[in-house]
Each structure stands twice: as structure tokens, then as C-alpha cells.
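Trainee: Take the sequences, apply the hints, and build the full model.
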Amino acid sequence: MELKQDWRKFHAVFHPGRRLGLSDYSKVQKKRTENAHLSPIVVVAERDQSGVLRCLMAYGDGLDLMEFVGATLSEIQDQHPNRILHALERGAVDQAMSRAITGSQIGETSFHDQVDSLRQAAVPVWSAGQLGANGERSSSFVSRSLFAKDAGSSPPSGERVSWDEYAQGHFLLEALKKAAGGSVFPRRFGLLIRLEGSLDQRASGWGSMSMGSESRFYRDFFVVLSQGRLDQFHAPDFTSIDAAFTHDLGYLARSLGEKYIIPVYGLSAPVELWNQWSSADAPWKELWRGLRSRKAEVSPESPALMLWLAWKRWTA
Amino acid sequence: MSGGELKTVAAREPMTIVVNFWEIRPSMMGAHLENLVRSGVRQIAAFVPWSAVESDISHLMPRFLQSAYERKLQVKLIVSPEPGVHFPFSGIARDLLSKSGALAKSAQGENIPAVLPPTFFQLPSLGSGEFQKRYQHFLARVDSLLGDLCRSQPGIEENIELIVGGSFWKYYRSPRIAAAETFSGLCGDFNDESTLQFRKRLDQFYSQREFVATSSGQGTTGVDPRWKTRAMEAANWKAFSEQQEQLFRARSHTYLRRRAPRVSLENAEIFVPEADPALVYSQYAQNLLGYTGDFRRLTDLIDQYQFRLGNPAATETAADAKLERAPWVYWSGLGSFGGLSDPEKQYLILQSLLTFASRGGGVLIDENEWFDLSASFRMRVEHMARALCEGELKARVRASFLTAHLWSEPTAIWTALKTALPSESRLVSDLDVLDADQSTRLWVVDPELVMTRSMLEQILARVTRGNAVVVLPQKALLSPWAENLLREFLSEYSGGVIRLNVQFPCEVYSVRPTESEDSGTVSPGKLLLVQWPQARAAQGELTHSYQKFVENLLSLAGVSSPCNVSDPRVRTFALSRKGGRMGVFVMNRAPASVSAELMFSSEVRISDLASRLAAQSVATLLPGQVALSDEDSFQSGLSHWAQRFALDVPAFGVLPLSVEGWLEDPSELQERQAARETSEALKRALGEAAANELYGFYGQSQQSAGVSGGMSPWN
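Listed in order, the protein sequences are those of chains A and Z.
Take the first sequence: its position 101, counting from 1, is numbered 101 in this note's numbering, and each next residue is one higher.
Take the second sequence: its position 267, counting from 1, is numbered 267 in this note's numbering, and each next residue is one higher.
Since the hints were derived computationally from the structure, they do not count as laboratory data.
Dumping the calculated EDC-like pairs for lysine to aspartate or glutamate here, alpha-carbon to alpha-carbon at most 20 Å:
#1 Lys-285(A) <-> Glu-272(A)
#2 Lys-4(A) <-> Glu-54(Z)
#3 Lys-99(Z) <-> Asp-94(A)
#4 Lys-4(A) <-> Asp-56(Z)
#5 Lys-177(A) <-> Asp-113(A)
#6 Lys-4(A) <-> Asp-95(Z)
#7 Lys-285(A) <-> Glu-301(A)
Remember, predicted model here, so these are calculated numbers, not experimental data.
Mentor: Shown next as C-alpha cells:
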């Protein structure tokens, strides 16, 4: 049964995950402390009987904040002065979740659409924090918004937060979403990603596995982008493809194009290289190097696509 | 294992990986399962999302079961709808979820969201007529598919176990309240249809003869209005919610035994921490920030769940009445668990394995999550799972709180009890456990439990069997018949009643065991009638009083916590082992190593349990190597006798210790000390005599001279 939106495989491909051992864990903790401005604390708060906002739930990456249930926002900020703190009112959060759910029941919306809906509706009623010592901002800031006592249908008039800055998506997907409908990519197109691994890697029920020479196997994943949004994402079915063509990235991309009646681009790379790009500081540079050294492949290798990749390599 | 029977649950494989068969292409099914078999897997579990079955034109489920059978893989098929399943809306039919009347509402009148991928949704109302109709259709279809499969492939029923879990019932809690305290407030479905059913049930239940009030000598006067007052609302809702859940299970059983009667059917309680209402707002924050992982809340949830494990399910037939519901925890990786680091995941898996498998259940984990863990860790888990499976390690329950509903908040008395005895107390909502459980020494009855005569009979029978202390509220919610029964019982033992006023006024009745028991070894049962404070609002101020009173109760029942740790970041988990020994797992959930002192109430000796569990596995022996006998391996590596031990527990570490010699009863401790003194005096005397009489015996230690006399079982 083809799941049109296979979240698990999507996550495995585009978020290879934080495979941390303990020694890495302590390094990450150290990095978190240094770059605390990159990782805020989100508080869901409620007003008590005297109108003071009190914490119902506080969450921060790698932090244990359970002791702050019932605390005021200032108390939390005092304990974590290096962190930005965003407080959202509980009623508004409930409404946002309800709207995101209702949307999914009416139309075909994916988890990503629901999360986008949550982010758009998430306007903090209180934000505060002193940023890290890297010089980007030199002074603390506090933003308090007037908030109506009852959470009505209109969102609170607070300062909007660009949540996407925290939730950094995959570099390739984010770039393709923005490029859709431009000069290189149409409004609706597909992307076939083929990751090549060694035989001892666990098979995890991926849609297509084919044995190449030297005992390699492939994990294929197919994404359809429509007007800058993720439409479908799942492992494609290549069981009907002739064995002689299962290693031909271009052929596979064309066959998907015929099936979904959209242009499909293919990208093939060893899984180690893909994971490296996904976590690199300069991923486009790494990708370009992979293409030039023939460790990675794109299809079709059209001049427009190659120009776009080169442009990303030099400007991103 | 013979098919077609409901059976008591002792999980054969406490660690079971979950395979999502609908994600596997039919042509790849065989190869995929073959890979699992090559990895050493013998048992798998699979959820059955009902949308997958309703629209399954390629017969994926039967193909999956057939492939598993061909490879001798045991399959646990979970047919009840559960959250955290990787299928849109967790497999629930989308059109059902779009009807507001078919959605559950918390006690605060709010819908209850599930905010995990692949799609958020509101929890459906399991009791609604519309849901029931569709669900029964789905079960009938599953039953039909299994029936066809059993006919076409005889013998396949031996490989399949159907599991009916608790579904969404335990999640009908307000996220707002659960965020502060996991099981606070009332748990239940309060939507319009449910409320109507509740009112109807109230009328039916209290119209029974035993609840009807009588005026003196004049016959019945009608339903006593006190049962339907606002003050009784919480108690009545709890009883109703419990009954609804039991009915849901019983109906599920009915629809699954028509065309495939020879397939095993098992009750279970499946916990999905990532989908718990207590994590809704945390999951929301994680979705905003684009990453997942809330280790602290997940480990706290396991701590809360452990109080609610292992409760018999009431079913329709008397023969099934004493079944245990195996508790399972499922780590899907769709939510907070998926984003954790390896050490954090390993800690959670060990914690949940100890908590659930020691009570007859186990851990379900997504296959991707499992195989992403290191091979050495998986081996360690398998050793521990084997010990738990073979009954080498079992949970100790010393105190139980009888309540109307497992998932609702009991009174402050329970809070005091679980604080005093964190790993050895539990909540129980089915009184049949009173008959089966002989190890619990203290039973406390919730003041909000409405009791009929038959319920009170079960409770009083526990008192008369001896070896237990049973605590009843003085103003218990008893039916008139139950009141009469209690009056008769108390008048029989009123001669020896002791009236006390320690924190709360109470009467203590000592009850000799009945003649059928071996009165020589069974101590008298004790019944306490306690005048608990009435107003719920005042209970927060009485926390200290409850605490002290519960400690006195535990002392009266002869129950004490085996050990404590000096650092609050570290906790202990005690399990009983064969041969009267104990296994204590010292767990550090902090991200840094902790040095702490482990303190026992009596002198003990400790040793490393992990190496013993590993050594017991015959498969680890090399050719020519002889397995250590239990005694040999036990005697090596033992510490000296002591009450305090200094430990260094690594970050996210679980340190397994074997403990020998812990005595719960203080009088036994005195006997041991006396025996040890006698033994040492005898050794000295023998040594002196040997030195005087034996040529060449000069200045040698007793040990090297082979003097071993005087060793008593107490050493």
C-alpha cells in the first residue's frame, strides 16, 4: 500500500538524525551553551487569577525545565539568561492546533502543512532574552505585547517570530521550494533521490532495493513539490522496471515523470556523502564537489540545472 | 501454546520489534522478513490500522502473516486502535474524525488532540454509536481475513496472537491539566453522547435492589438521592469510565472469535508515551522549533505509568475473569523519542524494560529505532529481557490502592502512598486481584470507590486470609447491603478493637486467619477504619499528615522500601530474584556522572548483576568452557556486609546490582545478628582449639586452614 506521505522515510532521508554517543553529547551540550541564541525556550503559559502569566509547559532543546511549571516567565528567564524565551498563550495554542487539525480533515494536508499552520499562528505574547556573545546582538531585548484577557478569534498582537530560522529545513528542499515556479523549475515537479549504501546496512522496508555490482543496494525516495509545498513524499515503486534499467538514474526519473505527468529530476549519491551534505556548514559547496568528482550524479544534466547548482555553490 | 484460548500473559519476548506491514511492498515482504530472521528476531508485532484493512485490495495483511509463518516468525497482531501508528490518523477512518459528535471531549469540555506525524487529529469517542458500528465492522473483517487464512493455511493460527489493547481510553485527559500533573483530574469521555449514556447508567445502577433505601419496616422507598448528588459526580464518572473501557474490550473479543476461534486472543495495555496528553504542548513546541526530544518528560511518564500496570481485565465469561492485562510500552520514534540521543534512548529502553517486563509485559519498538541502536546495547537488552522472561526478575508490589478508575486522579492518600513507596506500590481498579495477589501487604481503599456487597465481601475475605492490612474509610460509599455486611463483620471482632487518633482517627480490628489457612505461618489480618478528611479542597493542606499516616500504615503492614539513594537525581528500582535475593537497578537520568550513596535498611552484600545475567546465557560459553554454577558465580565478586555503599553512576546509566541478605522484617534482622555473633564466637573457639591441639597449626588464618564450621544460612 503506497503511503503518499511517508513521514518516517522522509525524516530518515532529510533529517539523518542526531546519532550522538555520550562523548558527542557533552560536546553538543557545550555547543548549545555557546550558541544559546540559536535554541530558544518555548513556554506555553496561562494567566492565573491575578492576571500573571505562569508557565504551563516549558521546552528547550536539551534542557530539563519541568521544575518551572507554575513559575512566572521572569523566573525562567533569570535561570536561563542566555536563552531567548518565547511565551505563547495556552488558549491561542489550542486554537492553532484545532485549526491545523480541521484543515487536515477537509483537504489533503500533510504533517508539514499542519506544522506550517502552527508556525504561522504562533505569535508570542512575551519574548525576552539576551543573545549570545558572538556579537550579533549586543543588548538584551524585551518585547511585551498587549494581549486581550480573553483569547478571541483574532491572534494576539505580538511580535511575530520567524520560526523557520530555528527549524532549519534541509538545504536542498528549502532551495527547491523557493525555486519552484522560477526560471529553472516549474511550479510542480518531482525529485528522485537515490542513496547508495553497502550491503550490511539494514534494509528497512524501502520501496526499492536493487543489487548493483559489488553488493551495493539503493534506497530511493521520491518527493513531489507543488507551488513551493511538499505534496507527496514516499519510496517509489520500481518493481515493474526492467532489471537492465534499475541502475539508470535518468531512466528511473523519466519513468516517474511519465507516471505522475510532471518533470522529475534525479540525484544519486552515496549515503555517507548525502549525510555529510545534510549536516555541512556549506552544503552546496560539498554537493558541487561531489558532482565534479563523479561521486554524485544528477539527471537530466541540463545546462539550466547545472547553472543553477553552480550559482547555488557560489552564492549560498 | 494451543490456539483459541484466552490465556494469562507472560510475555515470551519482552522486547518485540514492530513491523509496519503496509509500508512494505508485497514483492519485498519475504526478503524483509528474511532479514529480520537473520538478525535473530523470532517474534514481531504489527498494528492493524483499520483504514489499511478497509482499503486493502492487495491483501497485504494476509500476505504479511503468510510470509511470517513461512519464516516461523511469531506475530502479535494489535487490532485495537492505538495512537502513534505510522498511518494517516493512526488508521482511524477520516470521515469519522470529521464528525464533531464522534470526537471525545475531556472533563473540561475540550477536544483532545494527538499531535504526532503523519497527521494531527482529535481523538475519537470510542463509546459513540457511530464509532462502535464502524469498529465492529472492521473487527469482523479482520476476523474474516484470519478465518480464510486459517482455512487455506492450517497451522498458521499457532503463529498469530491477536492483541486487544486499551486503545484511547487512557488518553482522555486534558492536555492543560496533564502538562502539570500527568494523571490529574478526571479521565474520561465527556462528549454529549457519553454524558447521556452516563446518566442512563447512573439510573440503572442505583436502581438495583441493594441501593434502594428502606424506611424502617415499611419496605422500599425508592432510589436514595444521595447517590446522584453533585458530590458523587466524580465517583460516579470514574466508575462509569471504567465500565465503558471494560465493555469496549469485551465487545472486541466477541467480534474476533467467530470465524477464527482457534487464533489466540490476548488482553494487553499498550502505553504510547509520545502520544500522551502530558506531552501535547511539549510536542507542539518541538514542532515549532523543528526538532524533537523531550527526555525528561518521557522518563517521568514511565515513572507514572509504572503505578498503573498489571491489572486484571473483566470480561464477559467467568472463565476469563482473572486474566492479567500485559502492560506494553511502545516507542514509535514519531515524536519525542525519535529525536533523542543514543544514551537517552538506551536509558528509556532499559527503564521501560525493567518497569514493564518485570510485570509480565514488555517493550514494543519500531524496527528502525531498534536496529539503529548499537549491537552491544541490543545484546545487553536481550540478556536482561531473557532474565525477565524466565522469571529471574519480578516486580515487587507491597502496597495497592483500590480505586474506581485507573486513569483518573485518586485522592491525596494515594499521592502519599506512592511517595513513601515509589517502586513497590500500584493502583488497582479490579477487585479480582485481591484473590490472586498474595504478596501485597497493604491494601488501601479509595474513599471515592462505590462498593456493593459483593465487592466488600472480596475485600473482607482478603482480611480474613491474613498477612495483610486493609484500610477502609469510615464513611465508605457502601450500598445498604454492604453496610449491613460490614456491621456484622465488625461486631464479630469488636472485642479486640483499638481506637487511635494518630494524624486521623481510626479503629484497628485484628482478624485471625480463617481455619482453612495454615494459622501457624499466617499472621492475623488487620482491618483499619479511618476517618479521612472529607473536603477535597483541604487535602493539599494535609499533605504532611497523610505522609506520616501512610508511613505508619506501611510500618504496621511490615513494608519498607529496600533502599534509598542520597542523590535525588538517581533512583533505584528493586526486583525480586529467585532464591530470595533481590536485584536493584540504580538509574541515573542526568547527563553527567553522579556519585551517590546507596543505603539499605539492613546489612547486605552486593555484586554485579549484569555479568551474572550475561553468564547465564549458555550461548555465550566458548567450547570447553564450563558454566559457573549459580553459587560459584554468586560467591565471586561479592562485597562485604554493609548498609551503605558508595557508587559512581555514569550519565544515563543503569547499574544492575545483585543484593543478598536484605531483610524486610526487623525481627529477622535481630536473629541474623545473633546468629552471626554466635558463628564468629564458634570460629574463634575452634581456631584456638586447633592451635592448641594440632601440630603445625601456628598463626594461620581460619580460612586458609579450611575452617568453615559455624557458617549458618544467615551469613
